[in-house]
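Here the protein sequences come in this chain order: Y and W.
Final position of the first sequence in the working numbering is 1287; the numbers increase by one with none missing.
Final position of the second sequence in the working numbering is 188; the numbers increase by one with none missing.
Watch out, some of these pointers could steer you wrong.
What the hints assert, rightly or not - Calculated lysine-lysine pairs in the DSBU-like style (CA-CA distance at most 35 Å, straight line):
| no. | chain 1 | residue 1 | chain 2 | residue 2 |
| --- | --- | --- | --- | --- |
| 1 | Y | Lys251 | Y | Lys337 |
| 2 | W | Lys147 | Y | Lys467 |
| 3 | Y | Lys671 | W | Lys93 |
| 4 | Y | Lys960 | Y | Lys1067 |
These are calculated hints, taken from the structure and not from any lab test.
Here is what each chain is made of, one letter per residue.
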Amino acid sequence: MATAGKINTPDAEARCNKRTQSENMSEQTQEINPRPSSNAADDGEPEAVTNLQELLGAAGAVAQFKEASPEKVADLSQIIFYPSSKPVVAEEKLGSGGRVRFLEEEGIYVPTLPSVRWNMRSKMERRLVTDAIRKKKWFQEDGELKSCEEELLENPVRPNLDEENSNIATIFRDCSNDVERFIPSSETMILLELQLNSLHFTQHPLFTAEHTLAQRLTETFYCYQKKLAARSFERMSKRLTALRHAHELLKNKSGEGVEEKLQRYELEIKDLRTTTLLQGAAERSVLAAVLAVWEELKDLRERQGFVGCPTKLTVSQEVVSEGRRKKEERLWKDAVKQVVKEMRREQKPQEEEEKENSDWVQLAGKLLKESLKPPGEPEMIIDLSQDLETSIDSKSLKAQNRLQNHLHRQKVCLKILYNGSEVCQSMPYVLDSQTFSADMSIMLPLSAVHWPQNFSLQILQHSTIKKALIAEVSLPLPEKGCTREEVPVQKVFFGNETHSGYVLCKTGWGKDADGNLRQPSGRYWETAVSCVAKKVPKTPEELQMWIDRSRIDPNNPANSEIISKAKNHALGDLNSDPLASDLDFCTEGEFKEGDARLKILELREKGHPAFCNMKMVPINARELPEGLLKEFRDRHWQQSSQVNFIEEEADDSLANHRTWALNSIREIKEKIQRQGRLSSRKKTMRELVTEDLVPDIGTLGLTLMAWFQPSRPLRPMRKPRPQVAIQGSTAHSSTLIVNVVSALQVPTRKDLDLEPSNANSFFEGSPTNAAAFNTVAVRPFVEVSFKGASARTRAAEGANPTWNCELQIPIQEEVFDHDVINIRLFDEIVVDVLNDERLRDIDVHTRHEKAWLGAINIPFSAVQRTAKIDGTFPLNAQQLLLGYEQEEQSRQFGPLLGPLESPRGSANCTFLNFFITLQPPMVLAEPETTERLECMESSSVERHLEDWSSQVTALFPDRKVPALVATANGKTACLTRFFRPIKPPEVKDTHSRTLAEVTSRFVSLIPRTQSNVCLTAEEIMKLCYGDQMSNAILLTCFLQTFDLDAWLLIGWGVTRGASYFALTRDKQSPNEMAIWDVFTGLKSKLDDPFCPATLVWAVANKDNIWANVQKESAPRRMRFDFSRLSDWSPAFVPAGAVAAPGSETVLQPESIQFTKTPSESCKELVSRLESILKENFMTWRTNLRTRWNRHCCSVLRKVLSTLENQINCKKEAMRELQPLIAAHKMIGFPLHMSYADDKEVIRSLYSTQLHSLRDAEAEFGIAVAAFPYANNAVSLWVFVAALSQRR
Amino acid sequence: MSKDVSPNNFGRSSAEGASSRQFFVVSISGSVEAAEFPEHDELYCRYFVEFGSDWQIISGVAEGMSQISKKSKCHIDDRQLCVWNLPVELTLKSTNITGWPKIVVSVYGNDSFGNDVVRGYAWSFVPLESTATTLSMPAFVPASSSKLQEMTAWFTGRRPEFLNPAIVVHGESREREQILFIFCPPMF
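Looking at chain W on its own, in the form it has when it is part of the complex (with noise of 0.2 Å):
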């Protein structure tokens, strides 16, 4: 999976309304580009940024979803990618460098039963260099709680998923989480 995000602009701007408080800007601009999930196929993304409580949007949108994209294929393209070139376009304003903006990739596909399951989740904090940046991100998806119970959602198709993906930005309560597969090498 990676991320093109080019320039991060950082600015110091004064005088908002009355009050001439101060911020910094900064700005993202990218996309999601593609991602490289051996096993799986016909996948869709969702990404989303998540930021501390200091940060707040000025333009843009922090959410967004893609097409399903089908992979390349074999005889003409050895990469086998699904490619999304999703945009993302965002501006925010801060006062502090806590909560630095980080960006949230949820992955998901139908598997064979033509049910809607979590591919992967992945994360990476938005490049801290201005200049354009390639991110490659790991994805993962929690493991189901016992094996009984991979059987069930396999049969299901209701594989164990994070309430909130945010969560895999966060630090609390990680240790709960059982074996993460790790699906997806990086490689750009």
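If we strip away everything but chain Y, and leave its shape as in the complex, we get (with noise of 0.2 Å):
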């Protein structure tokens, strides 16, 4: 555009000056409108150009020449170009300094150029000409456009099919996969001669024992004649003489390498001779176990008087001659001292002692006597024959009547199978009496289509009724161009337990009719020689291995292939698959580091119990959870340092202990799971097929008149299907729903003062408005926590507060079955922090503080599994809850809680009245099965407690009675195995305690895991840890050498879910039954409202199981008389089939030894646990001071000694306290515990929030106790209170 503007400009120029004079004025005025500023700058005077104009461009440009005058002619003639149509001389395209080749006058090929117009090329050529520097581009060397050959035909390829032309037809040729073995004309078909000529056996069930050694003798003697015509002995011996000589001519000799050589030979030697000589006795052997068989069979025939078969063996014995004789001396003197000498030589380097000549004599005669023939030794010369006479006397023949019969029984017949398919079956022979053999004679000429792949010849038993196959033998194929007149007899083998024997056959290709053999075509052979030739060892070793033993030639063609493969494994260059390679993710080498997901991608897939579960494993390392396999390996280190737990014991620290242990009891979770988890992936056809039975007539009926209905009904009969488990759908998205409605005897504030002060802190509100906010005793709050996300209610006022209250809680997490819904119930203290007075008027500043008052805790298995839970449940009773006041029961719920005496002291308890459910429902996990476990029991045994348990299910699907369970070992044993009476610990001071209620204490104090495994007493006191299945059943054994009756109460806890409890009956008043809580080491009577256990399942001790089958299963208001059948479903009826084991069976032992928990380790586990929980409160309370009160600390500390003591103790601890609560406003409570871990201490300390108080004037004493009892078990407090000075 640019270019074309200057170019036009003084031409426009012109022109407007032309125009200006012819044309109006009007366009005049149009000419001075002012340029645009782009050009202006190129002239300095505005032109006169339109707009219009100077947007075409070049082309405008060109038409303004036309119109222009004619002395710019010459510059147009620059721009365009007419090509003319004249030749182009051959210099001129070549350029300057090119020179005209005649390719074709040369002898070069030059290809027929497709024909163009001769003015056409002309005119292209010059177009071409005219760039200067492209042109040598275009042209050849001869000047001609260099271009294409002519690429059309003259002549059609194809011939010019006539479309009406039927001659020509289409043959459909259907395609198929064995193309290669489809032979499809009939010119090649194969024939394949087949002739059978008789079958022997060897083995025969009904061989006499004159046969059986007849056969014996014929084998023997096969395997002589074998021996000899290998003449291998003959042939071994010449190579040793041969290696002699060498060695001797050798040893003339003297050069480099000779020595070497000479070692060698000799070793050669020795080696060949032992072999020679094994094998000239292996001969020798032969012969004469020939010899002893022919004896015994004619001892036989002697003993039996006849002649049952016609086997003979002759033998003749050639007398050596004088001169022969002297010769066989004196070789055999030459054999023996050349074995000597070449002996001497072998020991030498070993042995210095030198040994008399005449024993080395000896000893080389001794050897040489058993492989040679000794000089003067007869010649012995054996033959047998078939011919012997069988005798024909009434003995005899009554025998081989009898063997006839049985054979005629027994035919035998043929069936000949061509590439596994029958081709013909042979008529039934029956077998020669005398010889167990058939004459058969079969020719079988076969013509086939396929090539064969394999012919086999079955053998079969053909009885009057059925046919039974004896053996099956693949018949020898033909070699190539063999017909069946130029191949040898062969013996084919054939034989099972019962059965052996040969045939006798041969095979060939045939002739047709012309003479030509139809035998397979080549391609046939090349893959029968090939499979063959193939047999060459697979791995790189063991080819390396063969090449080395077989000592091939390196250098003959023949094995060029071998060596070439074998060096390219020694270079490592594996002969694998390149496209099996590509599906390598990660080289060996990588699993060997241990890279960490490699690690636990390998331990999911062998189905570890901390990996099986897992789902989107990461797909880099470093994204995996940090101390995932960290901890894995910890542990598994620990595990595989205490191999056998029971044996191995930690050392003394408590923690370290209880680690341990649970450790172990992790170990036997995860082996009980692991064999469960294999045997349950054996399935059996039932569980993976649905299949009907086989019906009765009944059914049949029914499904024949089904064909008279309706194929489609209008009302369908549905089928019942058995039920397939819901496969993934644990909802993550359930809301846990917590209605709470009420709670009961609340502790009220007793110290938490009316009278006004003066300080702004939560001990004493704030002076002027205390009464607004403290006129009400307590405010108490719910608080529910699942899961680390927690809901609380308002706060409602008084001691016996409403709510009514719903909570909800997203579970978002995956549940595990030992999560907990944490229940609490806190008091709101509101704390007036209004700093200026006069504003009270429009400002509200209020702090809530809140005091902890007692706490619930729900397995959330139990809401998953009854769906909701409802009611009016206890709080953990705290005996001792400082700065609170239960107001005395009677005087406000005496009519409602009637005279209640109930152990667990519900006097001073907080009842919460709440309901809990789950919406919507989950699905619950399928609990692990370990009925496919190994059973202890008798199958008898285990098919009976099966069957009672179904039956019980069957009445009642919701109580599941555990009759087999899983012990440590990792199988099931019968529960009943259990119970024994078993010593507890002994107490010195019972406390104001019962014995029993001591024992129960004691067993409480075993912390508990969740495992489904039962361990015996023994087992839990080794490791001081339990479950609650085990722990139920030590408590029983405990409480049973008391002065009562117990059993193993299997049944439901609303607060426990499916639990297990001690049941236990007075001796002296049968009426006095109570149910023993292994949590809390409490006992209750049955008529308790709160008793622990709600719902009874069975009840069970060392001689029976008993499932409860009363409507009933409330224990208030259950019958507990097991003798009652209609009540309770016994296991073992006295006089059933089926008795319970024994009580030699007992797994439990007869008494335990108990230890003594060492003082020094509780000491040491109070002061680290002190230490820690006060370092914790610290970092609980961020950003605020904890100022810690010694002296409290040390009173707390004596206080919780008192605790541990006695029952009733509050008096006593308030007498201590007395001092400091009369300085002090205190509120604080103890908190008792199985010691378990520090976590879980930590975790119980936390959730009473006590470091959540802000008071800055606020000082906090923490004590810790620990009271050993046996076996390690501790029984542990912590007592924690916040103080502030009265004033």
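Could you use the hints to bring the two separately framed chains together as a complex?
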């Protein structure tokens, strides 16, 4: 555009001048219009060019030239080029230095070029020639344009087919997979000829003793003959002689390497001599065996008095002549000499002491005698024949006839199979009673389309009723080009346990009528041969070994392939499939290096319980959750160092002991899970496939009737199908709904002042407005927390508040069995923190503090299983709640609760009424089944128990009765085996408790974990760790030693889920029954409304298991008379077919050796825990100072010891605390627990939320006390208190 | 039975939410086209995709059921196909190659008494190549455990069936199965 603009400027000016003269004024005004500024810069004066023309650019410019003045035409020719159609001279095309070559004349092939009109070509050439630079590329050396060869052919390639020509037929050929084996035309049909001569049995169930012996004779004789024919001894001795000779020759030589060679020769001589002698010995022993069998046979025939089979051995001895004997003796001596010489030579380096020459001779003579014929021994010539006359007397005839009859019944026939399909079957043959053979003389020509792959013969026993297969042998296929006439008869052996024998047969290719051999084509032979040749060792190591062993010639071209293969292997070039290597996602090395991700994948594949349920294992190792594998490794290391947990003992520290015990239990659990999973993988047919059982007449009749019914009825009857477990519907988006209704007997503030004071303190409200907030006795609220999420109610007022508040906690994470819903009751204390009194009318500035009053834990599994939990439950009783006091129960709720005298002391208990449910209900994960484990009981007991429990389950599907429980060794055992009275540990001072109570308390101090393994008492005491069931069994065993009848109670506790208790009945007063809880160690009566066992499913002791078949399952409404069959269904009926496992098979020990827990470890635990708790407490109080009151701590410690020893210790404790309370206002409480691990203690302290106190004035006191019991059981107390000075 | 599976996109996508966990995405699109069951007619099929624990569905459905389809008639089409053209459209993400998705197709039809019986189970890996692939899967059914049961099954119209059709892709306990009839030779 810009160039065009420049070119046309002078011309445009000229035109403008011309126009201004001729055209009108209006145009002139237009022309005066100022030019756009871009061009104004070029000229400096306004130009008279229309905007349109300017935009036209170059094209417009050319148009202007035409009508412009004639003097500019020369300029035009510079731009426009008309190619003329005159031919271009060749020299011009090639440029200045080009010389024209005539390629055709030089003898170079010049293809015919497509014809182009001359003028067109010239024009094109003209155009191209103008470009001086590029024209070289366009032209050939002969000046022609470079062009493609003529591609059109003059004549059509295909024949011109007349469409109506019907002579050409279309043949449809099916494409088949095995094209190679398919031989369509009859010319390629093959003809295979089989000739079966005879069948011989070498072993048959009807063989007599004589036959057996005769057969053995035949076998040994053939063995001897084969040995003789092989002449291996002879050949080996010749080789030995040659070697000896070579050795002699070499000895005389000297030179480099001779010594080495000599040694090698000597070694080889030694080897060869030994093998030669062995060979000789074998030959002689075979001969001896033949003769021995023959003797035996002769003996037998003599004894039975007749000859039953025609086998005969002819033995002739050739007496050695005198001359030969001498020669033999000389040879013998030479041989002995030689051997002695060699043996001496070989012996020398090892043994220094010289043996006597005669010794050597003797030794050599002995050696040689075994394998060589000694001189003078007559030569034996033996021959076997089948022409012995069988005797024809009455005795033999009888035996013969019997045999004949049997053989007639057991005829033999043959079936010939070609490529797996039957071709023909022979007629049945009767075996000859003397030789057990059948002469068949079958000639079978077989013409086939498919190439032979296997050609076999079945030998069948053809009795009157059925045919039984004796053996199947594959027949030899003929070699290439072999006809039946050329091939020798072959023996094809067959055999199984009872029958063996051989078939005499031959096979060959047949000839057709024209005399052409009809055998498979060349392709068949290639594959057949390659099949044989491919028997090369597979792995590189094998190949190398094979090469070394067989010493093949590396220079032989026939072996080059093998050698190169071996070489490649040696170079590390594994001849692996390149496609397969694409699928290797990691190298071996990565695996061995212990890449964390791969390790996890591997463990998951193995089904390790820690990882088997892991999903979405990250793609990179660095994305793995930290410490996942580390934890596993640590544990694994610990486990591997303590393989046998019962034998080994952990170190003294209590914490370490607990970890060790927990790991041990986990290990057992995992082991059992693994075994269970392993066996559950083996599914039965019934678990895989649904199939109707064979119906009886009734159902068959119904089915037949179904034919006459409409095939698609309007109201179809559904057939019930076995329910398939719902997969993968573990709803993650469920909501936990807790409806907190009300509480009873909430402790009220006792000490929290009503009198006004100055400080804005938690303990002492605000000066002026104290009354406003603190007139209320207590403002309780409930907080529910589950898996870190929590929700609370609003605060209600008074000791018996009502909330009716629905709390919702969404469940997002995966929920485990051991997760617990924690419901806590707090007192909300409102503290006025308003500083400016003047603003009191307008401002409200308060702070809410909370004080813990009690808690209750509900296992999530309990909610999950029952779908809802509803009722009034006692909070964990706090004996001592500083700053709070419970009002007299009788005063308030006398009529409601009645005269309760429950030992758990509901008198000073707080009750909470709530309702828990899940929405939507969650599908319960299938519990681990232990029933697939191996059972210790006899199979009849096992089946009986399974039947019994399935009967009970059928009646009451909710009641689960475990009759078989898993033991620590991974087997299941009958529950009754776990009961035996065991003496509990001795206690010196019972502190006003009964012995039974003390024992129960002791059992409650053994920490529990979740497992479905039943541990024996010994194991529990060793580990000091158990699970609920084992602990309950232990308690039952202990209680049986007192004056009590004790049972294990299997049932359901609302706050426990499915759980186990001990049930006792006083022997003196049979109406006194009690249920013992292993969690708290407390006893409760059956009619206690707050009894921890709400449902009773079954009861067990050492004699029996009774399932509850009463309609009611709440203990207070049940009858506990186990002899009533209508109430209780026993597993073992006294006169039943199956008896309970006897008392001798009890798994529990008779008694346990209790060890004393060292008090040092307790002290160590106390000091450690105290510091840990203090530390944690301070960290929880972020940006708040924590002041510890030392005096308070020491007082609290003292209080704890009184708490441990007495039940109703409140008064005593208060006496101890009196001086402290006089000076301070206090809130606080003791926590009691069995020590499991530090985390547990920290968690329970945290849940009390005492640390959330924001009062700056507050001081804290904490005290830990641990009281040792037998076998590392520890009663742990933690007392925390917050206090502030009274003013 | 055939199934067209076209492009299997391997991609690597990162940054899923806050934690930048990496994964790859496999998208399967295709269709259960047709089946050749020489002896049966009026068949319908159900397909579902099985995958390992490291796999997760991002979009699409892993299961589907087809209409009942009649065979193409002899005089029109010699192939005698039951055509469904049931689309399969699924995108999965995974972190691990193990548990590569497998497609299981079970074919049902009415027997001569009008009972709905299973005609075949078939399965295949989702093809590993990322081009359009046509798979042909041989189908089989479990046989009755005895002759008598076979007869009863014929009468009652309740042939043996797998409790869970997914069993055909798992190796566990497969040795327990009896002889399996192979009905459908691969054709496509």
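* Asked: Hints broken by the structure, by number, lowest first?
  -> none
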